[in-house]
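This is what each chain is made of:
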Amino acid sequence: MARRTFLIDTDTASDDAVALIMALRARDVNVAAITTVAGNVGVQQATRNALYTVELCGARVPVYAGAEKPLLRSHENATWFHGADGLGDHNYPQSSQRAGELHASDAIVATVEANPGLVLVTLGPLTNVALAVTKRPDIASKVSRCVVMGGAPCCEGNVTPAAEYNIWVDPEAAHIVMRSGLPVELIGWQLSRGAAVLDESDITKILGFDNKVAQFAIECNSQARLAYKEQTEEDGIALPDPIAMCLALDPSVGTSWSEHYVEIEASSELTRGMTVVDRLNVAGDERNRLNWAAALEGSKAKICWEMDVERWKERLLAALR
Amino acid sequence: MCGERTFVKRPGFIFVVLLSATFICPIGAIAQHTPQRVIIDTDPGTDDALAILLALNSPEFKVEAFTVVPGNVVAAQGLENALKLISLAGRCDIPVAGGAQHPLNQKLITAEYWHGQNGLADIELPASKCKADPRFGPDLIIELIHKYPHEITLIPVGPLTNIALAVSKDPSIAGLVKNIVIMGGSISGGNVNGAAEANIYNDPEAAQIVFNAGWMVTMVGSDVGERTLMTRKELGQLQSTHGPENDFISKLGEFYLSRGEKNGYSGAAMYDPLAVGIALDPTLGTLKEMHVDVETKGEFTRGETVANRMGANEKNVLHGDHYVIEGYDYLKPNARVCVASDAPRFLQLFISRIQGK
Chain E
529 MARRTFLIDT
539 DTASDDAVAL
549 IMALRARDVN
559 VAAITTVAGN
569 VGVQQATRNA
579 LYTVELCGAR
589 VPVYAGAEKP
599 LLRSHENATW
609 FHGADGLGDH
619 NYPQSSQRAG
629 ELHASDAIVA
639 TVEANPGLVL
649 VTLGPLTNVA
659 LAVTKRPDIA
669 SKVSRCVVMG
679 GAPCCEGNVT
689 PAAEYNIWVD
699 PEAAHIVMRS
709 GLPVELIGWQ
719 LSRGAAVLDE
729 SDITKILGFD
739 NKVAQFAIEC
749 NSQARLAYKE
759 QTEEDGIALP
769 DPIAMCLALD
779 PSVGTSWSEH
789 YVEIEASSEL
799 TRGMTVVDRL
809 NVAGDERNRL
819 NWAAALEGSK
829 AKICWEMDVE
839 RWKERLLAAL
849 R
Chain P
1004 MCGERTFVKR
1014 PGFIFVVLLS
1024 ATFICPIGAI
1034 AQHTPQRVII
1044 DTDPGTDDAL
1054 AILLALNSPE
1064 FKVEAFTVVP
1074 GNVVAAQGLE
1084 NALKLISLAG
1094 RCDIPVAGGA
1104 QHPLNQKLIT
1114 AEYWHGQNGL
1124 ADIELPASKC
1134 KADPRFGPDL
1144 IIELIHKYPH
1154 EITLIPVGPL
1164 TNIALAVSKD
1174 PSIAGLVKNI
1184 VIMGGSISGG
1194 NVNGAAEANI
1204 YNDPEAAQIV
1214 FNAGWMVTMV
1224 GSDVGERTLM
1234 TRKELGQLQS
1244 THGPENDFIS
1254 KLGEFYLSRG
1264 EKNGYSGAAM
1274 YDPLAVGIAL
1284 DPTLGTLKEM
1294 HVDVETKGEF
1304 TRGETVANRM
1314 GANEKNVLHG
1324 DHYVIEGYDY
1334 LKPNARVCVA
1344 SDAPRFLQLF
1354 ISRIQGK
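Chains as they are written, first to last, in my numbering: chain E, 529 to 849; chain P, 1004 to 1360.
Keep in mind that the hints were calculated from the coordinates and are not lab data. The C-beta atom is built at its ideal place from N, Cα and C for all residues, glycine as well. Careful, some of the hints might be misleading.
Claimed, not checked - Derived SDA-like pairs (lysine to any residue); straight-line CA-CA distance at most 25 Å:
| hint | chain 1 | residue 1 | chain 2 | residue 2 |
| --- | --- | --- | --- | --- |
| 1 | P | LYS1318 | E | GLU797 |
| 2 | E | LYS740 | E | ARG553 |
| 3 | P | LYS1065 | P | LEU1179 |
| 4 | P | LYS1236 | P | ASN1266 |
| 5 | P | LYS1110 | E | GLU825 |
| 6 | E | LYS830 | P | GLN1109 |
Said to hold, decoys possible - Computed, partial: chain E to chain P, Cβ under 10 Å:
| hint | residue |
| --- | --- |
| 7 | ALA595 |
| 8 | LYS597 |
| 9 | PRO598 |
| 10 | LEU600 |
| 11 | ALA658 |
| 12 | THR662 |
| 13 | ALA794 |
| 14 | SER795 |
| 15 | SER796 |
| 16 | ALA822 |
Kindly produce the complete structure, drawing on both the sequences and the hints.
Structure below.
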């Protein structure tokens, strides 16, 4: 099988780390670069976490640090969820590798140029990608898929009643990306809930693999598991970023997809960062045309509504075995 | 800043004034020996052309680069205009770099209505002998600020897209510039609508990024530009002398002034050149420290520069079912807002720099 090329932008904390592992261990995937962005943790911590994960997997992938804060808003981290270091505060050592010289946004441009047709997977706020496509709008057409972990297209958000964290943190950047012409596939937070959550038996199975990567995948989510229970009353490890990576690796795990215009709310404080999906395809109706005019000129995003939970877990376990 | 007038009372102020008086004021005398390094970010534009030629003919400045932003005209036209102007001034040694292709979060609004179809009063300048620099404008800004730490004065006279991109990519530049003097905003009504000035209106998100980047922005707004008018009298002075740049400005001034007169002004508003003037001599303006935010949401006020003139917000504290005012929350100023200009002195400076060139 010909190897596919992935480029991953991440605010590396606990679930990001598991997503990185899935990509780094996929035999048919070449991860050309990892870029980091301020989000769950500061960009320096995210870079350190990404470098550690790469080293743990025995991979040789360049990591580039990017935006220190969202474009317009102050940076709101999610250390209450992931731990102060983003990885559950287990004092993981510093990697011997260092981040590359390029700014993440330039690394995105350079990596896309060198690998036209690559798959871009974003696991954090979209600040770096927004900077990249603003500088070089032409890269949008050279990306075959842009799989975005972000939003809550059907449902309540995980940071406000309206919005999911990645989009909420930098709604202006998300707005730029949605308008950029990138072929966005939106993988909402809600897919990681309910039956998709790793339960006690899944966790026992993974720990039974008895390898350091599997151990790390569970251990670094210790704080996230507690926080998730407090947030949703669901017990287990919810993994939104690995689900996005799973769908990037194998879109057939998604069982219900459809294409719609999507707008990102950036003006209202109550609904800041909401992913407003034109699910009934009414954006072009007379009464909606004014507010949706700009979106209608752009391209639709592909939304994943449902997935095969069994296959998702198989895919994850295979990566950690 | 030498001779800068500020009305904010704080203990450090007297010290700053003494320091300025002792060390900085003599700069006027030694300006010829140590010109100020400047970068002009521009969307040329008629008044941009006046600003660019004023800067290039001012010995107080060493122009390190021009970066071009879409605004008055689209990006490609702006770059062409900038190259023609630099060529007219015989300064192909200065890099001219393009930048953003459109505002961050909205569609561009161009102003051929005010500036002519080509943005330069429909005057056909000779083809440029200068070539565009291949670097991306915001990256060039970052590069030069690191090359000359604490020496560069940024003078953005268009929408703030390029500056926002630069400071978003590298926030450290905010602490490494010498000064940033913008043409943009207004604290007393807009020139686009009741609230907003054109440069800010064309990219409010970028403007909000720039005002809150951590540097002190000197803001030369449209409300002051509109009280700094080149009238028939000054234009006559320029038309009495000759030279390639002088003649170009005479023609451009005629177009710009007539356009202003048709729309009820008694002259041509010196928006962009005044920003350059205040960068080279802050005493040409009356500057007051304030905290400025850019409204990015309001239906009627999107793009308004909202200046807090009292340096504080009332502190409202919830007591039972209602709020009670309990004094103030004080705000750190982020801008030196120009509230008035010495128009006659500025206009004479402008004329003296252009005449015979």
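Status of the hints after comparison with the structure:
no.: 1; hint: P/LYS1318 / E/GLU797; result: holds, 21 Å
no.: 2; hint: E/LYS740 / E/ARG553; result: holds, 14 Å
no.: 3; hint: P/LYS1065 / P/LEU1179; result: holds, 18 Å
no.: 4; hint: P/LYS1236 / P/ASN1266; result: holds, 19 Å
no.: 5; hint: P/LYS1110 / E/GLU825; result: holds, 12 Å
no.: 6; hint: E/LYS830 / P/GLN1109; result: holds, 23 Å
no.: 7; hint: ALA595; result: holds, 7 Å
no.: 8; hint: LYS597; result: holds, 7 Å
no.: 9; hint: PRO598; result: holds, 9 Å
no.: 10; hint: LEU600; result: holds, 5 Å
no.: 11; hint: ALA658; result: holds, 8 Å
no.: 12; hint: THR662; result: holds, 6 Å
no.: 13; hint: ALA794; result: holds, 7 Å
no.: 14; hint: SER795; result: holds, 4 Å
no.: 15; hint: SER796; result: holds, 8 Å
no.: 16; hint: ALA822; result: holds, 7 Å
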